[in-house]
Amino acid sequence: MKNAEKIEIDRRYCKGCMLCKYICPCDVFEPGQTRSDLDYLMPQPIRIENCRVCGLCESNCPDMVLTVFAKEKRKENQ
Amino acid sequence: MPQRQLESGMMFNGEGRKEAMKKGRIKVMLGNEACVEAALLAGCRFYGGYPITPATEILEIMSRRLPLVDGLCLQMEDEIAALVAVVGASWGGTKAMTATSGPGFCLMQEAIGLAVAVEAPCVIVNVMRGGPASGQSTSTAQGDLYQARYGSNGDYSLIVLCPSTAQEMFDHTIKAFNLSERFRIPVIILSDEVVGHIREKVFIPDADQLTFVERKVPTVPREEFVIFKPEENGVPLMPTFNTGYKSPVISQAKSLNGNRGNAKEAVENIHRLVSKIEDHMDEFAEVQVYGDDKAETAFVTFGSVCRAARSAVDMGKEKGLAIRSVEVKTVWPFPDDLVRRALAGAKRIVVAEMNLGMIQREIERVIRQPEIKIELFSKIGGIYPQPQEFLRFLEEKR
Amino acid sequence: MNPLGEKYLRKEFLPFLFCPGCGDGMIVQAFLQAVDDLGCIDDLALTAGIGCSAWIGVYMNVDILKVLHGRAIPAAIGLKATQPSRKVVTFTGDGDCLAIGGNHLLHAARRNIDMTVVMVNNQIYAMTGGQVAPSTVVGSKTQTTPYGNIEKQLDGCKIALAAGATMVSRWSTAHLKPLIKTFKNALNHKGFSYIEIMSQCPVQTGRYLLGSGSPQFNLQWLKDHCVKEEDPSRWLEVESQGKIPVGDFLRIEQPEFMEEVQRMNQRVKEEQGKGGDR
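Residue numbers (this note's numbering), protein chains in the order written: chain A, 1 to 78; chain B, 79 to 476; chain C, 477 to 754.
Warning: the hint list may mix true and false statements.
[Claimed, not checked] If you want the ones that stay clear, here's a sample from chain B, every Cβ over 10 Å from chain C, calculated:
no.: 1; residue: F124
no.: 2; residue: E278
no.: 3; residue: T297
no.: 4; residue: E346
[To be verified] Once the Cα atoms are required to be at most 27 Å apart in a straight line, the calculated DSSO-like pairs of lysine-lysine come out as:
no.: 5; chain 1: C; residue 1: K653; chain 2: A; residue 2: K2
no.: 6; chain 1: C; residue 1: K628; chain 2: A; residue 2: K6
no.: 7; chain 1: B; residue 1: K279; chain 2: B; residue 2: K324
no.: 8; chain 1: A; residue 1: K21; chain 2: C; residue 2: K483
no.: 9; chain 1: B; residue 1: K342; chain 2: C; residue 2: K487
no.: 10; chain 1: A; residue 1: K6; chain 2: C; residue 2: K653
no.: 11; chain 1: A; residue 1: K21; chain 2: C; residue 2: K487
no.: 12; chain 1: C; residue 1: K704; chain 2: A; residue 2: K21
no.: 13; chain 1: C; residue 1: K487; chain 2: B; residue 2: K324
no.: 14; chain 1: C; residue 1: K745; chain 2: A; residue 2: K2
no.: 15; chain 1: C; residue 1: K617; chain 2: A; residue 2: K21
no.: 16; chain 1: C; residue 1: K483; chain 2: A; residue 2: K2
no.: 17; chain 1: C; residue 1: K628; chain 2: C; residue 2: K617
no.: 18; chain 1: C; residue 1: K653; chain 2: B; residue 2: K105
no.: 19; chain 1: C; residue 1: K653; chain 2: B; residue 2: K307
no.: 20; chain 1: A; residue 1: K6; chain 2: C; residue 2: K483
no.: 21; chain 1: C; residue 1: K628; chain 2: A; residue 2: K71
no.: 22; chain 1: B; residue 1: K324; chain 2: C; residue 2: K617
no.: 23; chain 1: A; residue 1: K21; chain 2: C; residue 2: K628
Derived by calculation from the structure, the hints in this document are not laboratory data. Don't be surprised by glycine CBs; every beta carbon is placed ideally from N, CA and C.
My request is simple: use the sequences and hints to build the entire structure.
Here it is as structure tokens:
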């Protein structure tokens with residue numbers, strides 16, 4: 001099973017629409033308190049441990065600001 | 079009298095003509111046909127049109143001729159689509175044109191503004207007919223003079239040429255393509271039914287006798303290129319869609335890099351669009367004087383009316399009347415200085431046109447001498463003025 | 477900026493002018509995904525008209541000609557006519573394509589000229605502030621139908637089918653995976669493709685027609701109302717339930733306009749070479 005290393009949200013262009021929270025099947029995101037450069041409250045990936053790197057948040061983000069970095073696969077899996 | 083009018087339409091005579099005939103050919107053809115000949119010589123390879131009297135022949139002949147030179151003549155669903163397709167073809171890197179008449183010209187107005195805004199070189203022929211609305215489709219008129227200049231919204235400038243003979247239809251078409259490529263603007267040929275449908279001798283020079291201007295395309299690396307940054311002559315290089323520059327071309331007020339611009343950038347853009355033409359009027363403005371250029375009586379004419387006025391000048395001469403006829407060939411931007419010079423010393427100025435007084439206003443603006451009244455000899459309703467009527471006007475209104 | 481954006485967007489034009497949660501941005505991404513999969517970015521030439529959706533193409537780092545309201549399709553025809561090797565794609569909206577530009581859609585489809593029209597349907601005139609569109613549902617209260625819209629809807633897909641388009645699809649922003657596949661098919665299709673995308677407009681359609689301005693609500697609405705139904709004989713039934721049929725409706729091969737032009741030019745020149753009529 002894949003896990004996320006980190007989820008990056010580009011603060012220059014995020015408009016805080018929260019579609020990532022809506023679309024995420026693993027309940028990773030919550031509204032945060034930081035404001036983007038465009039003055040919108042940005043989402044926060046607070047439950048990143050839930051992430052299965054399905055990519056839905058990335059492909060559904062209307063401003064293309066979300067990037068999910070998958071963890072490298074552990075050696076013992078091989 | 080028709081014979082006389084024919085003569086005055088000729089461009090070459092005597093020795094000049096003999097010489098010219100060696101490097102070209104003379105053919106009797108319609109004004110509209112001459113336009114097509116010139117366009118093909120100038121390199122026009124896309125035509126978007128819609129049938130409308132009295133401009134239809136241009137579309138018809140184009141549809142026959144363009145396939146032979148690997149061009150494409152498209153009869154579009156309306157004139158709006160016709161001119162927009164021409165703008166698209168122009169950005170595709172091809173010389174393109176369209177032709178129409180009054181009602182179609184109305185439909186084209188927004189796309190003329192578009193061609194100005196996206197700086198797409200193209201040629202639009204308006205073979206004028208009677209208006210308003212459907213008006214008199216088979217009759218001549220000159221009522222679109224202001225529409226050709228001010229028909230689209232906002233501040234802009236463009237070049238409008240007025241041919242008076244089939245020969246000039248040819249010459250002006252070559253000139254129109256060259257100017258449109260030089261300035262990256264739509265150039266309008268404001269012809270009328272008489273010029274479009276007259277069948278007379280046209281001298282078609284060989285291509286190597288003519289000069290053709292091509293748009294300048296960028297050569298710098300793409301990263302360094304700023305799409306709407308003007309060159310020294312006020313015109314930006316044109317990264318047409320076949321050059322690989324990945325150009326963002328929008329019709330909105332824009333900044334130099336092509337993005338939506340702020341107010342300051344919009345202002346600069348508008349000023350540049352106007353000044354790139356009007357600062358270089360000496361390159362193209364043309365006013366001709368026929369007859370006695372010292373005569374106190376002067377006609378001012380443009381387009382087909384020049385023909386009758388020339389005959390009137392000749393007839394006047396036979397009667398001992400000295401008259402000059404000032405023919406405005408490039409009506410927009412209005413060549414103030416040239417017209418002022420051509421009218422210098424005139425005591426009586428009669429503006430003859432087939433509308434209720436359009437170019438008259440320009441003359442009133444240019445000749446601000448209270449002692450000179452700018453008289454109007456107007457013919458509308460599709461009735462072409464006869465040379466005798468000019469002379470009668472001079473006598474009766476004295 | 478995600479990797480796709482880094483690779484293909486015109487950075488100096490960002491951010492998108494779209495409102496938060498707008499479907500247009502999702503379409504930018506889906507389209508770029510299709511282009512990336514095909515590796516055809518250098519072959520693209522785009523045109524667009526006026527409206528929110530017209531800006532979709534402007535942010536992509538490709539040749540784009542953004543023209544007048546409704547006139548994106550004729551501009552695309554002019555481009556295609558002079559650059560037949562390019563993949564010409566037009567981004568347009570429901571007002572742009574069905575109202576002011578409706579006639580152009582008919583005739584481009586009729587010609588079967590090789591181009592793709594991406595019609596983004598948010599069921600309203602959004603950029604001008606929420607006026608009724610040809611695609612607005614009967615009964616809707618908009619800024620210009622304050623007592624309810626009494627006009628019937630216009631269905632772009634049916635029009636494209638009737639006018640002779642050779643590829644017709646409708647998806648929504650809640651169907652990004654099939655949409656990307658359709659984009660790829662359309663980019664490879666020789667002929668006129670019409671792709672309608674039901675897209676959420678939380679700010680206008682959401683607030684005034686559907687009852688909520690939340691992007692989540694609007695995307696969910698599309699998920700609930702767009703039903704996959706590719707059999708036209710069953711559309712009436714779907715529509716009577718207030719649903720919108722989506723799917724890949726048509727994909728057939730027919731003589732393409734630019735190829736026909738080249739064939740005609742060849743034939744005419746040969747005939748003339750033999751001394752035929754010109």
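Here is what the structure says about each hint:
1. The non-interface label for F124/B is inconsistent with chain C: the shortest C-beta to C-beta separation is roughly 6 Å, within 10 Å.
2. Distance check on E278/B: its Cβ is at least 23 Å (rounded) from any Cβ of chain C, clearing the 10 Å threshold; non-interface status holds.
3. Distance to chain C confirms T297/B as a non-interface residue, since its nearest Cβ pair spans about 17 Å, more than 10 Å.
4. No beta-carbon of chain C comes within 10 Å of the beta-carbon of E346/B; the shortest separation is about 18 Å.
5. In summary, the hint linking K653/C to K2/A is supported, as the alpha carbons are separated by about 21 Å, within the 27 Å threshold.
6. For the given pair, K628/C sits about 49 Å from K6/A by alpha-carbon distance, which is inconsistent with the 27 Å threshold.
7. For the hint linking K279/B to K324/B, the alpha-carbon distance of about 46 Å lies beyond 27 Å, and the restraint is violated.
8. A C-alpha spacing of about 25 Å is found between K21/A and K483/C, which places the hinted pair at or below 27 Å, so the restraint holds.
9. Between K342/B and K487/C, the direct Cα distance comes to roughly 22 Å. Compliance with the 27 Å bound is thereby established for this hinted pair.
10. Proposed proximity of K6/A and K653/C is supported: the alpha carbons are some 24 Å apart, at most 27 Å.
11. For the hint pairing K21/A with K487/C, the CA-to-CA distance comes to about 26 Å; that is within 27 Å, so the pair holds.
12. For the hint pairing K704/C with K21/A, the CA-to-CA distance comes to about 25 Å; that is within 27 Å, so the pair holds.
13. Of the supplied pair hints, the one linking K487/C and K324/B holds, its CA atoms being roughly 13 Å apart against a limit of 27 Å.
14. A distance of roughly 63 Å separates the Cα atoms of K745/C and K2/A; the hinted pair therefore is violated under the 27 Å criterion.
15. Of the pairs offered as hints, the one joining K617/C and K21/A is violated, with about 30 Å between alpha carbons and a cut-off of 27 Å exceeded.
16. For the hint pairing K483/C with K2/A, the CA-to-CA distance comes to about 25 Å; that is within 27 Å, so the pair holds.
17. For the proposed pair K628/C and K617/C, the alpha carbon gap of about 14 Å is at most 27 Å, so the pair holds.
18. For the given pair, K653/C sits about 63 Å from K105/B by alpha-carbon distance, which is inconsistent with the 27 Å threshold.
19. As the CA atoms of K653/C and K307/B are separated by approximately 41 Å, the hinted pair breaks the 27 Å bound.
20. At most 27 Å may separate the alpha-carbon atoms for a hinted pair to count; K6/A and K483/C meet this at roughly 20 Å.
21. Of the supplied pair hints, the one linking K628/C and K71/A is violated, its CA atoms being roughly 53 Å apart against a limit of 27 Å.
22. This hinted pair does not check out: K324/B and K617/C have alpha carbons roughly 42 Å apart, beyond 27 Å.
23. For the hint pairing K21/A with K628/C, the CA-to-CA distance comes to about 36 Å; that exceeds 27 Å, so the pair is violated.
Of the hints listed earlier, those the structure fails to meet are numbers 1, 6, 7, 14, 15, 18, 19, 21, 22, 23, in rising order.
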